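Colleague: If you want the building blocks of each chain, they are given just below.
Protein chains: 2
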Amino acid sequence: MPSYSAPLRDYRFIFRDLLHIERYANMPGFQDASLDLIDQVLEEGAKFCEGVLAPLNAVGDEEGCVRHADGSVTTPTGFKDAYKQYVEAGWPGIGSTPEFGGQGLPRVVNLAFSEMVASANMAFGMYPGLSHGAYEAILHHGSQEQKETYLPKIVSGEWTGTMNLTEPHCGTDLGLLRTKAVPQGDGSYKISGQKIFISAGEHDLADNIIHLVLARIEGAPQGTKGISLFIVPKFLVKDDGSLGARNGVACGKIEEKMGIHGNSTCVLNYDEATGFLIGQENKGLVAMFTMMNMARLGVGLQGLSQSAVAYQNGLAYAKDRIQGRSLTGPKNSEGPADPIIVHPDVRRMLMDAKSFNEGARAFAFWTALYGDLLENSPDEKVREKAGDYMALMTPVIKGYMTDKGYETATNCQQIYGGHGYIEEWGMSQFVRDARITMIYEGANGVQALDLVGRKLAANGGRAVFTFFNEIDAFIGENEGDEKLKVFVDGLKKSKGDLQEATQWLMANAMTNFDNAGAASHDYMHLFGITALSYMWALMAKASLEAKANGGAADPFYDGKLATGRYFVERMAPDSAAHLAKVKAGSASMMALAADAF
Amino acid sequence: MPSYSAPLRDYRFIFRDLLHIERYANMPGFQDASLDLIDQVLEEGAKFCEGVLAPLNAVGDEEGCVRHADGSVTTPTGFKDAYKQYVEAGWPGIGSTPEFGGQGLPRVVNLAFSEMVASANMAFGMYPGLSHGAYEAILHHGSQEQKETYLPKIVSGEWTGTMNLTEPHCGTDLGLLRTKAVPQGDGSYKISGQKIFISAGEHDLADNIIHLVLARIEGAPQGTKGISLFIVPKFLVKDDGSLGARNGVACGKIEEKMGIHGNSTCVLNYDEATGFLIGQENKGLVAMFTMMNMARLGVGLQGLSQSAVAYQNGLAYAKDRIQGRSLTGPKNSEGPADPIIVHPDVRRMLMDAKSFNEGARAFAFWTALYGDLLENSPDEKVREKAGDYMALMTPVIKGYMTDKGYETATNCQQIYGGHGYIEEWGMSQFVRDARITMIYEGANGVQALDLVGRKLAANGGRAVFTFFNEIDAFIGENEGDEKLKVFVDGLKKSKGDLQEATQWLMANAMTNFDNAGAASHDYMHLFGITALSYMWALMAKASLEAKANGGAADPFYDGKLATGRYFVERMAPDSAAHLAKVKAGSASMMALAADAF
Numbered sequence: 014m015p016s017y018s019a020p021l022r023d024y025r026f027i028f029r030d031l032l033h034i035e036r037y038a039n040m041p042g043f044q045d046a047s048l049d050l051i052d053q054v055l056e057e058g059a060k061f062c063e064g065v066l067a068p069l070n071a072v073g074d075e076e077g078c079v080r081h082a083d084g085s086v087t088t089p090t091g092f093k094d095a096y097k098q099y100v101e102a103g104w105p106g107i108g109s110t111p112e113f114g115g116q117g118l119p120r121v122v123n124l125a126f127s128e129m130v131a132s133a134n135m136a137f138g139m140y141p142g143l144s145h146g147a148y149e150a151i152l153h154h155g156s157q158e159q160k161e162t163y164l165p166k167i168v169s170g171e172w173t174g175t176m177n178l179t180e181p182h183c184g185t186d187l188g189l190l191r192t193k194a195v196p197q198g199d200g201s202y203k204i205s206g207q208k209i210f211i212s213a214g215e216h217d218l219a220d221n222i223i224h225l226v227l228a229r230i231e232g233a234p235q236g237t238k239g240i241s242l243f244i245v246p247k248f249l250v251k252d253d254g255s256l257g258a259r260n261g262v263a264c265g266k267i268e269e270k271m272g273i274h275g276n277s278t279c280v281l282n283y284d285e286a287t288g289f290l291i292g293q294e295n296k297g298l299v300a301m302f303t304m305m306n307m308a309r310l311g312v313g314l315q316g317l318s319q320s321a322v323a324y325q326n327g328l329a330y331a332k333d334r335i336q337g338r339s340l341t342g343p344k345n346s347e348g349p350a351d352p353i354i355v356h357p358d359v360r361r362m363l364m365d366a367k368s369f370n371e372g373a374r375a376f377a378f379w380t381a382l383y384g385d386l387l388e389n390s391p392d393e394k395v396r397e398k399a400g401d402y403m404a405l406m407t408p409v410i411k412g413y414m415t416d417k418g419y420e421t422a423t424n425c426q427q428i429y430g431g432h433g434y435i436e437e438w439g440m441s442q443f444v445r446d447a448r449i450t451m452i453y454e455g456a457n458g459v460q461a462l463d464l465v466g467r468k469l470a471a472n473g474g475r476a477v478f479t480f481f482n483e484i485d486a487f488i489g490e491n492e493g494d495e496k497l498k499v500f501v502d503g504l505k506k507s508k509g510d511l512q513e514a515t516q517w518l519m520a521n522a523m524t525n526f527d528n529a530g531a532a533s534h535d536y537m538h539l540f541g542i543t544a545l546s547y548m549w550a551l552m553a554k555a556s557l558e559a560k561a562n563g564g565a566a567d568p569f570y571d572g573k574l575a576t577g578r579y580f581v582e583r584m585a586p587d588s589a590a591h592l593a594k595v596k597a598g599s600a601s602m603m604a605l606a607a608d609a610f
Numbered sequence: 014m015p016s017y018s019a020p021l022r023d024y025r026f027i028f029r030d031l032l033h034i035e036r037y038a039n040m041p042g043f044q045d046a047s048l049d050l051i052d053q054v055l056e057e058g059a060k061f062c063e064g065v066l067a068p069l070n071a072v073g074d075e076e077g078c079v080r081h082a083d084g085s086v087t088t089p090t091g092f093k094d095a096y097k098q099y100v101e102a103g104w105p106g107i108g109s110t111p112e113f114g115g116q117g118l119p120r121v122v123n124l125a126f127s128e129m130v131a132s133a134n135m136a137f138g139m140y141p142g143l144s145h146g147a148y149e150a151i152l153h154h155g156s157q158e159q160k161e162t163y164l165p166k167i168v169s170g171e172w173t174g175t176m177n178l179t180e181p182h183c184g185t186d187l188g189l190l191r192t193k194a195v196p197q198g199d200g201s202y203k204i205s206g207q208k209i210f211i212s213a214g215e216h217d218l219a220d221n222i223i224h225l226v227l228a229r230i231e232g233a234p235q236g237t238k239g240i241s242l243f244i245v246p247k248f249l250v251k252d253d254g255s256l257g258a259r260n261g262v263a264c265g266k267i268e269e270k271m272g273i274h275g276n277s278t279c280v281l282n283y284d285e286a287t288g289f290l291i292g293q294e295n296k297g298l299v300a301m302f303t304m305m306n307m308a309r310l311g312v313g314l315q316g317l318s319q320s321a322v323a324y325q326n327g328l329a330y331a332k333d334r335i336q337g338r339s340l341t342g343p344k345n346s347e348g349p350a351d352p353i354i355v356h357p358d359v360r361r362m363l364m365d366a367k368s369f370n371e372g373a374r375a376f377a378f379w380t381a382l383y384g385d386l387l388e389n390s391p392d393e394k395v396r397e398k399a400g401d402y403m404a405l406m407t408p409v410i411k412g413y414m415t416d417k418g419y420e421t422a423t424n425c426q427q428i429y430g431g432h433g434y435i436e437e438w439g440m441s442q443f444v445r446d447a448r449i450t451m452i453y454e455g456a457n458g459v460q461a462l463d464l465v466g467r468k469l470a471a472n473g474g475r476a477v478f479t480f481f482n483e484i485d486a487f488i489g490e491n492e493g494d495e496k497l498k499v500f501v502d503g504l505k506k507s508k509g510d511l512q513e514a515t516q517w518l519m520a521n522a523m524t525n526f527d528n529a530g531a532a533s534h535d536y537m538h539l540f541g542i543t544a545l546s547y548m549w550a551l552m553a554k555a556s557l558e559a560k561a562n563g564g565a566a567d568p569f570y571d572g573k574l575a576t577g578r579y580f581v582e583r584m585a586p587d588s589a590a591h592l593a594k595v596k597a598g599s600a601s602m603m604a605l606a607a608d609a610f
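Protein chains in written order, with the numbering used here: chain A, 14 to 610; chain B, 14 to 610.
Mixed in with the good hints, there may be bad ones.
Unchecked claim - Calculated pairs, PhoX-like style, for lysine-lysine (alpha carbon to alpha carbon, straight line, at most 20 Å):
no., chain 1, residue 1, chain 2, residue 2
1, B, Lys498, A, Lys596
2, A, Lys498, B, Lys596
3, B, Lys60, B, Lys93
4, B, Lys498, A, Lys506
5, B, Lys296, B, Lys160
6, A, Lys596, B, Lys506
7, A, Lys560, A, Lys498
8, A, Lys60, A, Lys93
9, A, Lys97, A, Lys60
10, B, Lys506, B, Lys596
11, A, Lys496, A, Lys596
12, A, Lys193, A, Lys296
Quick caveat, the hints were computed from the structure, so don't treat them as lab data. It should be emphasised that the depicted structure is a prediction, and the values quoted were computed from it without experimental measurement.
Here chain A stands alone, though its shape is the one from the complex (with noise of 0.2 Å):
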């Protein structure tokens, strides 16, 4: 049975030394986030997601969830319980506004809470997790009574919240929606068609779900410009805050999947249910891009979420399981043989995932803090650079984290051998849960054509620009450092490659498009790359202050250093690669005509 214990001791390394957290103690938003607050949430938060979610976890996907024949559906043994107590912790609020009951924590740490909840059961964390997209919706576009009447329950776990975005026919292009929306005159709408996909779309969890729906008002031009969003309560609110009438939406079915068992994924069928619309008409995308974005870079989070959890429990195997010598003579003389993790191709596995998910945990705080702010920052300059930075990396951590995580995940399954295969070991679910990150809230391939058709070229390119000049601010501080030279160096090389792909895509894809579609799964690898190269810079200068400052006793600092320095050898030298592809062009790809394959 695999276990979860939480990076407790790298989360305080991120907000001490590398965000330096303390620092916006004045900041709107961060008043109550002390670095003493930060930690004892996150302890509270560990103890629950250690001793009450990572237990569910094999239960969930085990049992699945069940949908009985009057469309209800039950969670998994304990599930209903866990969620009890983590609505009765507060759990649900940690990240949102006081004014609605929520704590209001700064996102990151809600992000660092949420990296605990995906590790230890990421099919549960995903009935809150959807629920904060709910939340994020309504706060940014909904009226002033809709977020009076909704907000307060999703806030404090009583309600749940989902996204409808799929139907049968299409995903990626929302364009071809057909649900329809037929205004009653009352201000609310009749909604119906089929939505499928919906994570969390029905369950025995809580009171009452609220159902964000994109759907298309009657007479409402095609494609995406004539898409509306609405709120569609499984059970409508009454005046006064209580429940009324069952509305008319109803689980149809509950998809049998790879993984994520414990989560209910719903064909939900709408049959004139009563919506409410959120925004404005034909706006619905814009409402629903905010909760992509959040839901983007937690959903990149997942993918390190299940590496991370992968990576323990693949250590303490490596640990354990003593097969076969060292290759420099017995290191176990006195046992039959030594522990695997003695042999340089187990190490290559725990490595690659160790030195990738400290990278890619601390390139998704740095940017979930840009997240706060973008959100809280007086200064408009500031600002302007947070809301380029959010949209710059998100498609890169939603996409290359998952891409990553899944791959280091299959390594530390790996390093079981034939009992990683075995799902009593638990290996398998890891890899079976993560590989759902890499499909749902676009494919990997819409974040990284995201990536090179509209987020480098915004604005003139100044999101990539204002990166490129930080990083070279970096090396220019930092080249005459001999202890950082392997860093600096590396990150020199990294940001060269990125560099060079970008002034490609600039050269030749305005001129051929299929250029920019062809170089961009490349790209935003190297992107990834380049951007943990920068998290391990500046990871090891802050390793080397803080042993500078009386942490030279602790070992915590040189392991850093030496994963940073495998991160530079082992990993980064993929970005020559990845660039050569991006140089390749589109032609050899393009070539063979479609019968032709």
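Place chain B on chain A using the hints.
Modeller: Here is chain B on its own, set in the frame of chain A:
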């Protein structure tokens, strides 16, 4: 529901244009293998695989095998009948010697048939696949009496076989095994112990199961020097060949696995079971390796097989599913959207798979032909080279082809978007089934170590130098040919990287064995890329020749050239990254003490 269509056109190209198999018409073992006969056999085989085995693939996944209270095992619905048809058509023996009832076709033809079986239904294919391994071991190491007793029934398929190596506490490190054999004075032994992960260990398909079991004879030396190989039939065989008493071996459990549910993966308990020594006492590993080398080729091909069937279905979906518009303007302006094959990133996943599949298939078949030459060539020089190549290429085929096969199968699942994650669509099964190929028959890390630690150094590096010389000769002969330029240049680059990595290993691995271990995974992949670059150069040349000789109107050859060019431009650039990682050495990989992770 996914489907399968055998790559008969590609087989024809490989046998005719690439391998020129008619050259060997005068060699023993090849006399009956005319191109026409090969076509005919594979066409028949294709019909069987497409029509009988493929439709049972999802059934096997869903139902799995069931163990009953008495230890008997029922295979999924339809498997028993399909196996009966398989036996009646004579498929078990197509590659076996006529001396014991086989058809005596070359191994390379048998391999093509195996690929089709594995693509259609990998879990089913393992039943006869394991039997063939048992056949090889008994044929090469058994006594004449043992051959006469067991081989005719295994060749006919009336009985099946298994390989029993792994025990709960040992897999890779067989020196630790504890199953014991006590001599009975009459030439037989009593075998006691527990074996795990025994594929096809118990089932209802055949009348008898011939277990090949590694065990330690009482008093034998510790470690690998005290291991012997035994035949332990499920039912003892009487002198007249009929079945006698049930032997003391029983299935204690069937494992719940990530995939290959249709194959029974058994815990087998041996309780004073009667066994018969094969070959010499304490030389069991040598005999077992005869089975394992063939099995490793077969597993490499399984990796390819899942990639191949996943590719076919990914392609069909990419042509069928409409979503979004081409970046260069609508390609299906009549419809509401374009088929997703217009999108470069979808193409990338398809072309990655296609160029890997066709290159890997050529590589596996090219190598398997050396297996036939090793067995049959009258020329000692040819046999030496064939033996060298078989030994050198086997770990590459097993490790590289399964790593990449899993990756490309995952990408083909990705093409389906959310539907790829739903079991009903069948893509998840290909990925889950493919996953085991990286683990069993020696985990890929073990293959990599076998390559750098054993195969490279054998006979002073004779095998790898022969391979380099062969490639150099090809480059020398074709360097001036403009039409081959991209292939020759690509090959030169990959081979240059591989040679540099080889030299680095020679200079650095003997002084620090951890450098060999640390380099092994990347070296294996670099080797695989070089081998496929060579195959693509050979196939490009063969395609140009075929075009010049009347094949100009056949779009197949242009497809080959375009696919090969894609491999060179988009897959081969990884070689430089692998070289950089090889040359990084083991320092950063081994830097952390086990308790500092």
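Colleague: Between A:Lys193 and A:Lys296, is the straight-line Cα distance small enough, at 20 Å or below?
Modeller: Since the Cα atoms of A:Lys193 and A:Lys296 sit roughly 15 Å apart, the hinted pair holds (cutoff 20 Å).
Colleague: Does B:Lys506 sit within 20 Å of A:Lys596, going by the straight-line distance between their CA atoms?
Modeller: Holds, at roughly 17 Å.
Colleague: Quickly compare the C-alpha distance for B:Lys60 and B:Lys93 to 20 Å and report which way the hint goes.
Modeller: holds (18 Å)
Colleague: Holds or violated: are the alpha carbons of B:Lys506 and B:Lys596 at most 20 Å from each other?
Modeller: Since the Cα atoms of B:Lys506 and B:Lys596 sit roughly 17 Å apart, the hinted pair holds (cutoff 20 Å).
Colleague: Quick one, are B:Lys296 and B:Lys160 close enough, alpha carbons at most 20 Å?
Modeller: It holds: about 18 Å lies between the C-alpha atoms, which stays within 20 Å.
Colleague: Quickly compare the C-alpha distance for A:Lys498 and B:Lys596 to 20 Å and report which way the hint goes.
Modeller: holds (18 Å)
Colleague: Compare the distance between the alpha carbons of A:Lys97 and A:Lys60 with 20 Å, and conclude whether the hinted pair is satisfied.
Modeller: Holds, at about 16 Å.
Colleague: Does B:Lys498 pair with A:Lys596 here, judged by a C-alpha cut-off of 20 Å?
Modeller: holds (18 Å)
Colleague: A:Lys496 and A:Lys596: Cα distance at most 20 Å?
Modeller: violated (34 Å)
Colleague: Starting from A:Lys560, check that the Cα of A:Lys498 is at most 20 Å away, please.
Modeller: holds (17 Å)
Colleague: When you check the alpha-carbon spacing of B:Lys498 and A:Lys506, does it fall within 20 Å?
Modeller: Cα-Cα ~30 Å, so violated.
Colleague: Check the hint pairing A:Lys60 with A:Lys93 against an upper bound of 20 Å on the C-alpha distance.
Modeller: holds (18 Å)
Of the numbered hints given earlier, the model fails hints 4 and 11; all others are met.
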